[in-house]
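**Q** What follows is the residue order along each chain.
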Amino acid sequence: MQSRTTPVPFLSGRLRMTDYEALLKPLKIRNLTLRNRMASTGHAAGLAEDGMPKDRYQLYHAEKARGGIGLTIFGGSSSVAVDSPLPFSQIDVSSDRIIPYFESFARRVHQYGAAVFCQLTHLGRRGHYASHNWLPLIGPSANREQAHRSYAKEMESWDFKRTIKAFGDAARRCEQGGLDGIEIIAAAHHLIDSFLSPVTNQRKDQYGGSLENRMRFGLEVFQSIREAVGDNFVVGLRMAGDEMMSGGLSAQDCLRVATAFGNSGLVDYISVYQAHGDNFANLSAMLPDMSYPPAAFLHLASAIKAEVDIPILHASAIRDVTTANRAIQDGHVDFVAMTRAHIADPHIMKKLQEGREDDIRQCVGANYCGDFAGSGGVKCVQNAATGHEAFMPHIHVPTTPRRKVVVVGGGPAGLEAARVAAERGHGVVLFEGESRLGGQINLAKTVPWRENMGGIVRWLESQIRKKGVDIRLGARADARAVQAERPDVVFVATGGSPAAPQIDGAHLGVSTWRILDGSVEPGSNVLVYDEMGLHSGSGCADFMAQRGAAVEVATPDREVGAETGHLTHVAYMRKLYEGNVIQTPNVKLSQAYMEGNSIVAVLKNEFTGAEEERVVDQLVFELGTLPNEDLYHALKPLSSNDGEVDLEALIENRPQTVNTNADGHFQLFRIGDAVMSRNVYAAIFEASRFMAQI
Amino acid sequence: MHGPDLAGIVLLLAAAGLVGQMVRLSWRWRVGGTASVDWVGGLRRLAHAYFHTVHEVVARDPYASRMHVMAAGGLVAALALAFVLHVGGMRGRAAVALASLILVSTAVSVAGVALVAWRRRPPRPRRLTGGTFNLLPAALLGALVFLCGSTVQVIRVGGSPEAFAPSSMALALLGTIALGTLVMWSVEGPMRHATAGVVNLMAHSRPRRFQGRIDSALKPLDLTGLRKPGPHLPIVGAVTPASFPWPRLAQFDACVQCGRCQEACPAYAAGQPLNPKRVIQDLVEATTAAQGGQSPLLIAEAGIGGAIAPETLWACTTCRACVHECPMLIEHVDAIVDMRRYQTLELGAVPAKAAVALETIRDTDTVAGRALGSRLDWATDLKLPIMAERRRAHVLLWLGEAAFDRRTQRTLRALVHLLRHADVDFAVLGDEERDCGDLARRLGDEFTFQDLATRNIETLERYAFDLIVTADPHAFHTLRNEYPALGGHYRVEHHSVTLDRLFADGRLRAGDGPADVVTYHDPCYLGRYNGEVAAPRRLLGRLGLTIAEMEWSGLRSRCCGGGGGASLADVPGERRIPDMRIAQARATGAAIVAVACPTCTGMLEGVIGPRPVVLDIAELALAALEAVPGAAEAVLAS
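Those sequence lines, one after another, are chains A and B. Residue numbers are given in the numbering used here: position 597 of the first sequence equals residue 597, and the series is strictly consecutive. Residue numbers are given in the numbering used here: position 226 of the second sequence equals residue 226, and the series is strictly consecutive.
Incorrect hints may have been included.
What the hints assert, rightly or not - Here are some chain A residues the structure puts well away from chain B; computed CB gaps all over 10 Å:
| hint | residue |
| --- | --- |
| 1 | E21 |
| 2 | A114 |
| 3 | H148 |
| 4 | W513 |
To be verified - With a straight-line Cα cutoff of 20 Å, these simulated EDC-like cross-link-like pairs (lysine to aspartate or glutamate) come out:
| hint | chain 1 | residue 1 | chain 2 | residue 2 |
| --- | --- | --- | --- | --- |
| 5 | A | K28 | B | D431 |
| 6 | A | K588 | A | D630 |
| 7 | A | K351 | B | D381 |
| 8 | A | K350 | B | E633 |
| 9 | A | K350 | B | D381 |
Hints were generated in silico from the structure; no laboratory data involved. All C-beta atoms, glycine included, are put in the ideal place defined by N, C-alpha and C.
Let's have the full structure, built from the sequences with the hints guiding it.
**A** Now the structure itself:
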């Protein structure tokens with residue numbers, strides 16, 4: 001008598017406290033009803049072409065709508081005027097040319113039942129004069145912006161007139177294009193909040209001085225917008241709950257701003273975030289990565305919600321639906337945005353509604369999106385389809401003919417290949433030589449604040465297990481083992497091994513891998529020599545410093561951790577400085593030798609050639625990897641294509657049809673670091689792109 | 001013609017005994033409440049009721065049917081003919097013809113009795129009762145030997161046999177013992193099924209059943225007396241045998257203990273403390289106990305023991321499988337609900353979670369405890385037409401509790417897409433829709449049911465519509481069959497019927513999807529309660545799907561375990577009902593279990609471990625529609 005009847009979910013009534021009820025509840029903003037309380041905030045996706053949101057941009061957002069989101073806000077920092085710079089390939093809303101693009105954008109999102117807004121701004125002094133129109137930047141006062149190293153012209157009366165009108169005109173264009181609303185950003189030291197902040201506004205006229213005066217420009221902008229649009233059009237405000245800047249707007253000041261705007265009758269909702277972004281250290285607080293706790297800044301939005309009667313939106317490191325639901329249920333905010341979470345998985349709400357929470361690919365907070373959207377558009381370190389919706393589906397469907405696929409190597413490339421193959425209905429065998437899946441990600445996650453990286457593997461593993469992939473752990477496959485599976489397609493994703501510097505005495509050093517995997521204890525006086533500028537070098541330095549080592553990082557680059565991305569770099573710098581790690585850029589390791597019990601490392605200045613020596617007890621090097629290609633070469637003669645890739649077909653997303661060996665039994669491809677040393681995204685993207693055509 | 005011979009006297013004595021026994025029985029049933037019985041109508045339909053309605057059930061077990069036709073038919077015929085021969089004193093050539101008919105009848109009956117005995121050979125099937133039932137073949141055989149012997153004697157002698165001849169004496173003794181036993185057993189024993197059974201057929205509480213119709217609606221409790229304050233409030237529900245009108249006691253007494261109900265009961269199969277056969281026998285024993293003037297409690301109360309454990313009542317899913325299988329036309333579910341009514345309304349002795357559910361329904365008019373205004377939360381993007389704004393529509397779409405559950409919202413979403421695609425003019429009640437009252441009623445809370453029903457009827461009366469369509473068989477049954485008694489008369493359709501028609505009419509088309517094999521799980525409240533087992537199967541066929549039937553399906557389908565509030569009462573058992581059902585589904589090899597009820601969806605999807613995918617017929621229909629080239633885009637555009 002131990003088992004009981006399974007209760008019917010909906011019959012359990014009050015007993016079920018959390019069924020994401022708060023998150024799934026519709027929300028009325030002005031006259032618009034959102035189908036649920038999940039949004040994606042405006043972000044510069046780097047997808048605008050010629051200042052216009054074309055197909056790629058539209059499909060990227062339509063996918064969120066298809067995935068069940070309530071509201072998607074596109075066009076982060078879309079410019080309302082010709083002198084608003086476009087430093088991160090944003091949208092230009094300064095002319096009617098935009099309207100047809102808005103129309104098809106709205107149609108594409110609306111067909112899936114979501115609402116769509118565009119975020120509008122005048123960037124003011126935030127940018128560089130060397131922008132598309134080469135016009136002088138403007139601001140409330142003639143002071144300098146640190147991030148873009150730009151000064152601004154103090155606004156004259158004609159600047160006020162045209163700028164305020166430009167906001168109204170841009171809003172009208174959004175409405176004419178069929179959008180449901182707009183969001184005006186008055187944060188990140190764009191033009192409106194440059195007026196609000198005493199740091200950037202030193203005016204003596206009616207726009208400067210008291211907070212009331214400093215708010216005047218913003219309120220006039222909203223007045224102009226409200227007059228330009230109809231009654232159903234939603235106009236929101238995005239602002240900081242705390243400028244987090246010495247001499248800037250405190251949380252108390254921001255509360256007063258929110259109250260004034262929120263109760264003005266001109267604003268329909270307020271989206272609260274934080275920081276100013278004038279420098280990268282502060283910008284990282286605006287886009288908190290995995291080094292921040294979940295919902296790190298919810299308290300700021302909660303304070304404003306307590307004082308203002310219009311709906312409050314908040315986004316910042318809300319990485320999972322449970323946290324999102326709780327934030328709403330507990331009354332902190334009215335709706336939440338999980339913007340980066342939707343970059344990782346645009347189908348969050350759909351999966352939630354289908355009771356498939358486990359299938360949600362959770363954002364790990366790697367900030368690859370924020371760091372690298374500028375180069376080629378938005379992308380996610382773990383989701384190759386993001387930003388590539390036109391040719392790479394987020395949901396694969398079974399295909400014919402059903403093939404037998406063998407994947408060798410269970411790192412990110414191999415896992416992704418296995419996942420896509422299984423989703424496409426192929427029979428998959430995955431060999432992994434180690435006792436666990438994950439490859440180099442297992443090293444990456446050993447750096448304590450980067451343990452979230454393990455989430456990439458966790459999700460991929462759960463998916464391939466669900467899809468019934470035959471996983472052979474601890475099985476280092478040779479050619480015979482691969483052949484025994486009688487495969488149609490073989491993917492070699494065997495990864496690489498650490499490369500060593502080509503110097504005398506290279507044998508005296510150890511790779512970062514051996515430190516991170518625990519096989520070599522950190523020394524007490526260590527030189528980390530990093531030629532990659534990626535996570536392994538800086539991460540290893542941090543790892544050892546945290547274990548008490550005196551660490552110096554030397555690199556031929558202009559700075560340590562140069563390739564980690566501008567947001568992630570902040571976290572590394574914070575950790576390295578906190579760990580008293582000495583950073584020595586612009587030097588190349590030229591040789592190493594033993595002297596007594598110590599290692600002498602010779603560092604040669606890249607510019608002068610001058611040499612300096614370090615006497616250490618441990619030399620750690622990071623030079624990326626060289627491919628593990630034995631298996632690949634062993635399989636080549638057995639394959640039908642000799643490993644050859646039709647590169648045109650690959651980039652044009654056509655199937656691979658090379659057939660050079662009539663005796664070959666299977667197609668052979670290698671992916672990821674088995675080809676050349678690259679990053680996680682490259683491995684996953686490559687695996688996905690190949691596999692989507694098989 | 002001569003007077004009765006010795007055998008005739010025995011027969012006369014037996015007949016007199018039978019009359020006496022009938023008087024005893026009626027005396028026994030006097031414990032019950034009064035009832036107005038249409039005796040003339042009952043008598044008129046008796047033959048039809050027996051040979052048609054009862055036999056339809058009996059014939060589902062061909063062995064039992066053959067057995068009963070031969071044993072009982074032969075015996076009754078032989079007895080009737082023997083009466084003419086021995087009591088009427090027929091002699092001569094006509095007597096020879098009559099005698100040969102008697103011999104044939106007894107031979108047939110003996111063969112039937114042999115089947116009775118063979119069926120009871122050790123090990124006796126678990127569903128059959130032992131005790132005096134095991135002696136029945138012997139008693140019958142004794143009676144048949146008596147009839148046979150007396151008849152042979154008449155033929156052999158060519159006139160009245162010598163009354164005091166040893167053979168006559170012996171036969172008379174045998175006849176007296178055998179027939180006496182059978183007559184004795186017609187009040188307390190295995191033959192009561194015949195005596196009480198005949199009365200049950202004439203005085204049955206659901207006479208519509210004899211018209212070949214399903215009669216599954218619960219009868220409303222008259223609450224008017226309770227609404228008037230006063231010192232002597234009537235007691236509601238069943239607390240002792242006296243609470244039942246007397247024909248219901250006769251009905252319990254008609255139980256032949258064949259155990260078909262036990263075999264069909266999902267709770268019994270799950271090892272829960274409910275055996276419908278036992279429940280009826282407990283009611284019979286309670287009736288016997290009540291003869292002493294004492295009215296024993298049916299369920300223990302205030303430290304006084306009862307005939308039935310409360311867990312037994314709450315384990316019932318009200319699936320009506322027992323009722324469907326009962327050859328004596330006993331209404332087990334009515335009895336259980338009557339007893340639940342007393343437990344719930346008089347004692348408030350409802351199991352914990354069910355009590356919370358009832359409280360929630362009373363407070364919020366929903367089972368889920370949601371605000372009425374949130375019933376359309378899931379459908380914001382669908383912009384459903386609201387009755388309050390439209391005033392009239394061809395179809396009123398009744399959403400039910402499914403609208404509050406993430407899983408079943410997907411079913412409703414699919415249904416809305418299908419109706420839109422087929423251009424069906426429909427509207428929903430939105431925040432005016434209240435729970436239909438099904439759960440409250442099955443849990444015995446008749447007050448809440450009538451309150452909800454009355455207010456729903458008030459709402460429905462305000463609007464013009466031709467048809468109510470719902471994807472919830474419980475709402476379907478309640479609105480269609482139980483609202484009329486409270487003044488709400490509507491044409492109500494389950495969505496399987498609607499969709500089947502739309503596909504048949506060509507208003508919806510199925511594309512060339514994968515020709516999956518599915519198994520269809522009949523919802524009790526659609527199948528057994530309303531007889532609709534064909535439409536969902538037709539629909540699945542139209543979708544290009546092949547049906548692999550489960551071990552129990554159609555009108556004999558196994559419950560999912562979720563009906564009647566049983567999942568809330570959560571009475572412990574050895575197995576889970578939904579697990580057992582999924583095992584049956586798995587055995588078909590089908591990849592999909594097609595369901596047509598939000599409760600079934602929840603119960604079957606709650607089964608852990610590998611199992612077929614659970615999809616509502618609306619979801620399958622939408623998938624088939626979307627397989628039509630261009631249809632998915634059109635669905636999106638609607």
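**Q** Run every hint past the structure and note whether it holds.
**A** Do the hints match the structure? See the list:
1. In this structure A/E21 is not separated from chain B by more than 10 Å, as the shortest Cβ-Cβ distance comes to only about 8 Å.
2. Not every CB of chain B is more than 10 Å from the CB of A/A114 (nearest about 7 Å), against its label as outside the interface.
3. Chain B leaves A/H148 outside its interface by the beta-carbon criterion, the shortest separation being 41 Å against a cut-off of 10 Å.
4. The Cβ of A/W513 lies farther than 10 Å from every Cβ of chain B, with a closest approach of about 40 Å, so its non-interface assignment holds.
5. Between A/K28 and B/D431 the alpha-carbon distance is near 16 Å, which keeps this suggested pair within the 20 Å criterion.
6. A C-alpha spacing of about 31 Å is found between A/K588 and A/D630, which places the hinted pair above 20 Å, so the restraint is violated.
7. A distance of roughly 17 Å separates the Cα atoms of A/K351 and B/D381; the hinted pair therefore holds under the 20 Å criterion.
8. A distance of roughly 18 Å separates the Cα atoms of A/K350 and B/E633; the hinted pair therefore holds under the 20 Å criterion.
9. Between the alpha carbons of A/K350 and B/D381 the distance comes to roughly 13 Å, so the proposed pair stays at or under 20 Å and holds.
Checked against the numbered hints given earlier, the structure breaks hints 1, 2, 6 and satisfies all the rest.
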